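Taken in sequence, the protein lines are chains A and B. Oh and the first sequence: position 255 is 254 in numbering that gives the first Met the number 0, straight run, nothing missing. Oh and the second sequence: position 154 is 153 in numbering that gives the first Met the number 0, straight run, nothing missing.
Since the hints were derived computationally from the structure, they do not count as laboratory data. Treat the hints with caution; some may be incorrect.
Label pairs and their computed distance ranges (CB to CB) [claimed, not checked]:
id	chain 1	residue 1	chain 2	residue 2	range
1	A	254	B	285	54 to 60 Å
2	B	97	A	300	51 to 57 Å
3	B	531	A	120	53 to 59 Å
4	A	279	B	256	37 to 43 Å
5	A	225	B	568	38 to 44 Å
6	B	351	A	225	52 to 58 Å
7	B	568	A	231	26 to 32 Å
Since the structure is predicted, the reported quantities are computational estimates derived from the model, not experimental observations. Yeah, the Cβ is synthetic: ideal placement off N, Cα and C, and Gly gets one too.
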Amino acid sequence: MTPVRPQQEQVAGLLNEAKSRRRFLRGLGACVALPALESLLTQRVEAASAMMARAPGVTANGAAKRVAFVYFPNGANQKAWWPTEPGRDFALSATMQPLSPVKDQILVLGGLDHQNATGGKDGPGDHARASSTFLTGVRVKKTSGADIRAGISIDQVAARHIGHLSRFPSMELTCDGVRKSGSCDSGYSCAYDYNMSWRTPNMPMAPEPNPRLVFERLFGGGDYGDRRKNFAERQSTQKSILDFVLEDARQLQTGLAEKDRGKLDEYLSSIREIETRLQRAEASGETPDPNVDTPKGIPASHREHVRLMYDMMALAFQTDSTRIATLILAHDGSNRAFPEIGIPEGHHSISHHQGKKDNLEKIAKIDLFYMEEFARFLGQLATAKDADGSSVLDNSMIVYGCGNGDGNRHNHDNLPVILAGRAGGSLQSNAYLKMRGKPMSNLFLSMLDHLGVQGETRFGDSTGRLEGI
Amino acid sequence: MHSLAPLNLRLCMSFALMALAIGMSPLARAADDGKTRYTEEIEPLVMEYCLGCHGLGTKKGGVSLDEFPTPEAALNDRVLWHSVLKNVRAGLMPPAGKPRPTAEEIARLEEWVKRDVFLTNEQDPDPGRVTLRRLNRVEYRNTIRDLMGIDFRTDEEFPADDAGYGFDNIGDVLTVSPLLLEKYMQAAETIVTRAVPTAAKTMPVEVLTGSEFRAEKGSGSGARMSYYEQDEVAKTIKVEHDGTYRLVLELEIDGVFDPDPGRCRIAFSADGRELLSKDFAWADEKRETFAFEQAWKAGEHRLTIALTPLEPAEKLIKKLDMKVNSVKVEGPLEPEHWSRPKNFDRFFSDRSPSTPEQRREYSRDVLSRFAGHAFRRPVDDRTLDRLVAIAESSYADTSRTTEAGIAQAMTAVLASPRFLFRIEETEPPKPGEVHPHLDEYALASRLSYFLWSTMPDEELEKLASTGKLRKELHNQVKRMLADPRSQALVQNFTGQWLQIRDVEHFPIQPRPILRRDGLPAIPDSLIGSLRRLMKQETEMYFSYVIREDRSILDLLDSDYTFANEQLARHYGIPGVTGREMKRVELPEGSPRGGLLAQAGVLMITSNPTRTSPVKRGQFILENILGTPTPPPPPDIPALEEARQGISGREPTVREVMALHRSNAICSSCHSRMDPLGLSLENFNALGMWRETESKQPIDASGTLLSGKSFKDIRDLKAILKTDHRADFYRCLTEKLMTYALGRGIEYYDVATIDRIVNDLERHEGRFSTLLLGIIDSSPFQKRRQVGFTASSPSQPSQNGAKP
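Produce the complete structure using the sequences and hints provided.
Set out below in C-alpha cells:
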C-alpha cells in the first residue's frame, strides 16, 4: 500500500487503486471546494429561503435536506454489531469502529422490526422479503411469475414530496453488476431481490450498477468542459422527439386491451416525468459540471465498485442534483466471495454460520469491510461544506441497514440499522437507542417529519412515529 | 362455508336433472354432464385417495376437496383442479406410502379435468393472452444490429430486465420505468448518431493506431514508448488521389501518480520532413493532439515518430511513457474525391433532392421504409406525416442536410412505443372461429423473436406482406434454424432454463474445492477459459440436438458430449487433443453424457466452495422433472436445531441432510430433493469426478419417492430416461413454450401441452416435434378473442392452493 498524505486521505481514501478512480477522486476533492459550485448552491439557498421559510426538504437555514438508504446483505454478526450499552455518548461496537471520526453524527437504532418480512403463511424466501420489505414495509406477494406486487417505497414517497426540488427526483444505485438468471429466492421473482425502490406497487425502480452511466446521466457525457453543452444537446433532442412519442403512444392506446394499456400507461407516465424534468432543468439554470474525470465503468474489484457508487451519491448530493438516493451494496442472499479480504466462501453460505466461530469471524470481517466503506462515504459528506456553512452530512439522513438480523436465523426483528446525519440539526445524534420491537415503518414516518414533509400519516405497517428521535 | 357432502351433491343433481328436462342450452347441459361425471367418476376417486387428508374437516396444505359451497363451485375452481392435476401427474399426490390410483384412474381424472373443468375446446382452444411485450436487452441489441448495422452494448447501457417464470422475456414483468425510458431516448440518439450518415458524401478518414507504427528493429511500436529510451517508429500508407490531407496526431503521456523528472522530445515527420518537434515533461495521464495539412501526391507516404530522451535513464522513478493513441489521415479535403459513407445505402437512396417538394418526397420515402422495418409492420400515414414533419423542421435549419433531418426523425422512431413494444394485430375472424389468428406481421415477429431474438429479416417481411408466411411456415422454421442467428435461441433459452448464463460470473472458488478433494490446483489463468468452455459445451450440445433433430432425451443421457483438450482433461476423458471444441465419443461406462453431468450445470448448482445437494436436487425437480413446488411449511426451524443429535465430530453432508429429513416439516421437500442432489455428489463443485470427499468414500446411491433405487448418477439417468420420460417431455415443453410466448403456462394450455407430449412419445422425442408443436399451437398462432372470459388464473382459489 502506498503511503498516504493525510489531507488526501480525507477525500481520496486509499491510494493503491486503479488510476482512473484515483484521478476521479482527486477531482472530487477539488470539487468540494469548487467556488462556482458553492455559489450555485448559495443562489438556490437564497431563492429557497426567500420563498419559503419552513418548506419541506430544507433546513431552517434554507439548505437542502438529503436522504439516502444503503442496504447491506445477509444480516450482521450480532455480537460484533451491537454496542454494549445504550444511551448518549455510547461506545462504538467492534463493527462500528470505522465510524469513530463521525460518531457525533451517528444514531444506532436497536429493536426495529420488519414483521412483514417474516415467513408467516408465505414460508421460505427470507432474502427476497428482506430486500423488498426493507423500504416498503409491506408483505410482498409471493410469486415468481407476472403478478409481482410490493408497495411504494419510502424513498419514492419522499420523492413525491421533495423530488421536484432538484434536477433528478431520486437516484437508484446498486453494486450488483450481474444478475442471476431464472427465478431467485424460493419462489419469489428476482424483482424482489434486486430492487429496493418501488415507484408503484408493481413498478420497481431498476437500480443502475454502472458508475459511468450514473455520472453521465447527472452531468452529461464527454470530458470536463464539454459536458454542459452535451447535456443541453441531449435535452434538446429529447424535447423534439417527446411530442412525437407521446402522440404515438396515445394513438396506440385506443386499440389495446386493458393489460396492454397498463403497459403503455407506464410508458406514458415515464414520458411525462421526463417532460417535467426537462422543464425543471431549464428553470434551474446551468447544469453543474464537476471538474473530475468520468468514471470508466464497473471496476473488477468489489471495494472499488462500492466506493465509486458512494462517490456518485456524494457528488449528486454536493451538486444538489438529487436529494434522494438508494444504494444496494449487494442483494440479500448474495453469495459474493470476498477474496480481497481473504474470504473465498460465498457471503450467503457463511451467513448460515450455524454458530461456528470460523464463520462468525468471517461475517464480522465482511460487516467491517462494508462499514469501512460506509464510514469513508460519511467522511466525504462530513468534509463537504454545504451552502449554509454546515456539512452536507449535517443536512442529511442516511439509513444504513439490512432487512435480515442474523443470517443464520433469518430473523427480521432487531434489525441492524444506523441513521447517520442530523437532518439539518433536528436529529439528536451520537446515541444508541433501543426501541424494543417497533416497526421500521415508524422510523420512516419520523424521517418524513424530519424532512419537513407533511400529510403522510401511515406507511407500510407503521403504528405511529418512532419515539425518541 | 357449508360442507357439501356427497349426499348433498346428489340432491343437487336431481334438481339439475329436472332442469334438464325442462330444456337448457347445450353449454349448460355440458356443465351438467360434467357434474354427473364428477359424482359418478371422480368423486369416488377423490373419496378413496384424497379425502383422508383433504376432506372431512382435514385440510392438509390448506386444500380441501369436499367444501364446495355450490355444485358449480366444484367445477369452477380451475386453479384448484389444475393443481390437483399437476400433483397427481408428478406422483406427489397421493404421497408415498398411501394407496395410489391406477393408471386408468389417473387417466380418468385427467380427462375429466380437461373436459369438464377446463372446458377445453379441442378444435379452437383458448390461446390465452400475451401482455404487450417490450424488447428486452438482448432483443433490443440484436434488433439494432439488424436494423442499424451497429452493435449497441445494451448489457452495459441498460439496467437488467426483470424475469418471470424463469425467463426475461415475459411481457407482464418487463416494465418501463422513467429511468429506462430516459435511457431509450438517449440510446436512440446515440445509435442514430453512430449509424446514420448525415451527408451523401463525406471526406475519407483513415485512423492508424499507435501499434501500427513499428520500430525498424525489434518489437517496439508507437503504442508505448519510454521517456528514457531512444526510439523511432514508422508507418507507410498509400493514398489514392492527389490533394490536401490533414494529419491529426494524438499523443498521451502515461505516468504514475507521483511526478517523475523525465523529459523527452517527440519529432513527427512525413516523408522525412519534420512537422513537429516538441518537448514533453511528466503528467500522470494527459492527451494532446496536433494537426498538420499536407499536399500529397497519390502513392505511398511514410510517417515517422521519433522519441529522444532528454534526461539520463537513472532518473526514472517508476514509469513514464509516451503513447501514440492515433494518427488520423483525413482527406483529400477537396470534395470531388469524397465518397459515399459506410451505411449510407442501408437507409438512403441515390436521389439527391433539391426542391422542398423533392426533399419532402425523399424524406417520406426513406422514413416509410425505415419505420416499416423498425415497427416490424407497415407504418400508417398519420404517423408517417408526423415523422416527415420532424425531418422537415430539423432540416429547415439551413446548416443541416436532408439526411440530418431524416436522422432526427429516425431518433423519434427508435424511441417510439411501436419500436420498443411488440404490437400484435390479428386477422379478421373466420366464420365459426372463436379466437382470431395473429396477422402475418405479428406471426413473423413471434417467429423471429422466438428463434433469433431479433426482428424479422427481409424474407420473413416479404412473406408477411404478401400473406404467404403461414403457408410457408415449416420451411421458414427450417431456414431460420439453419441461420446462425438461431444461436440466440440456444444462448437465451438454455442460458436461462439451465442458468448457464451465470457460469461466467459464478463466484466459484476453485482452490478450497480442489484442496478438499486432494486434486492439483488449476492455475487462475485457466479458470476463465474453463468457464467459457463449460458454457460452450452446454450450448453446443443443445445446438446439436436442435440442428441434427435428435431426441430431446439426449439431453438426459447420451454417449457423446462436446469438449476440447482442456475440458476433456478436466473431465478425465482421454484422447482428446487441440483447442477446438468438438463432438467427443464417451468411453464405455462414463458418467458423462447428458446435461446433469456437464460442469456448467454442476457448478451453478453449487456453493462457491462446495457442492450443494439441495440446490442440485431442486434444480432437477424444477428444470428436468417439472415437479410443482409443494406448499411451503409455515415456520422453518433453524439449521442448528436440525443438526442436534450429532456431537463431538463433524457430520458428513449426507448425515446433516438425513437429520434434516427426519424433521417432518423439512422432509416433505427434502425427501424429494435430497436423493436427486446426492446422486451428483461424485461431481465436485467444478464438475470434476471424484470418488472421495474429505477422504471419505462418496455414497451417491438413493431411492426415489417412487421406490426406484439407484447406485449412482449412471443409474439415475437411466431411470429418468425411462420412468420419467413423460415428465421431462412435459417440463421442457412448458419451459420452451413459456419462452416462446412470453407468458406463464395456465390451465388452458394443458390440452396443448398434452398433445405435444403425446406427439413426442410417438416420435421418440424429436426436437422438431417439440418446436413445431409449439409454433403450430393455438397459443402461438392466435390471440384470445376480445371479451372472451376465461376464469382468471390469478384469481385465488377458494382453498388458497397454489397452482
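Each hint, compared with the structure:
1. 254/A to 285/B: 54 to 60 Å: This hint holds: roughly 58 Å between Cβ atoms.
2. 97/B to 300/A: 51 to 57 Å: 56 Å, holds
3. 531/B to 120/A: 53 to 59 Å: 44 Å, violated
4. 279/A to 256/B: 37 to 43 Å: Holds, since residue 279/A and residue 256/B (Cβ atoms, about 40 Å apart) stay within the stated range.
5. 225/A to 568/B: 38 to 44 Å: At roughly 52 Å between Cβ atoms, residue 568/B and residue 225/A fall outside 38 to 44 Å, so the hint is violated.
6. 351/B to 225/A: 52 to 58 Å: Distance hint for residue 351/B, residue 225/A is violated at roughly 33 Å.
7. 568/B to 231/A: 26 to 32 Å: 58 Å, violated
Hint compliance for this structure: hints 3, 5, 6 and 7 are broken, all remaining hints hold.
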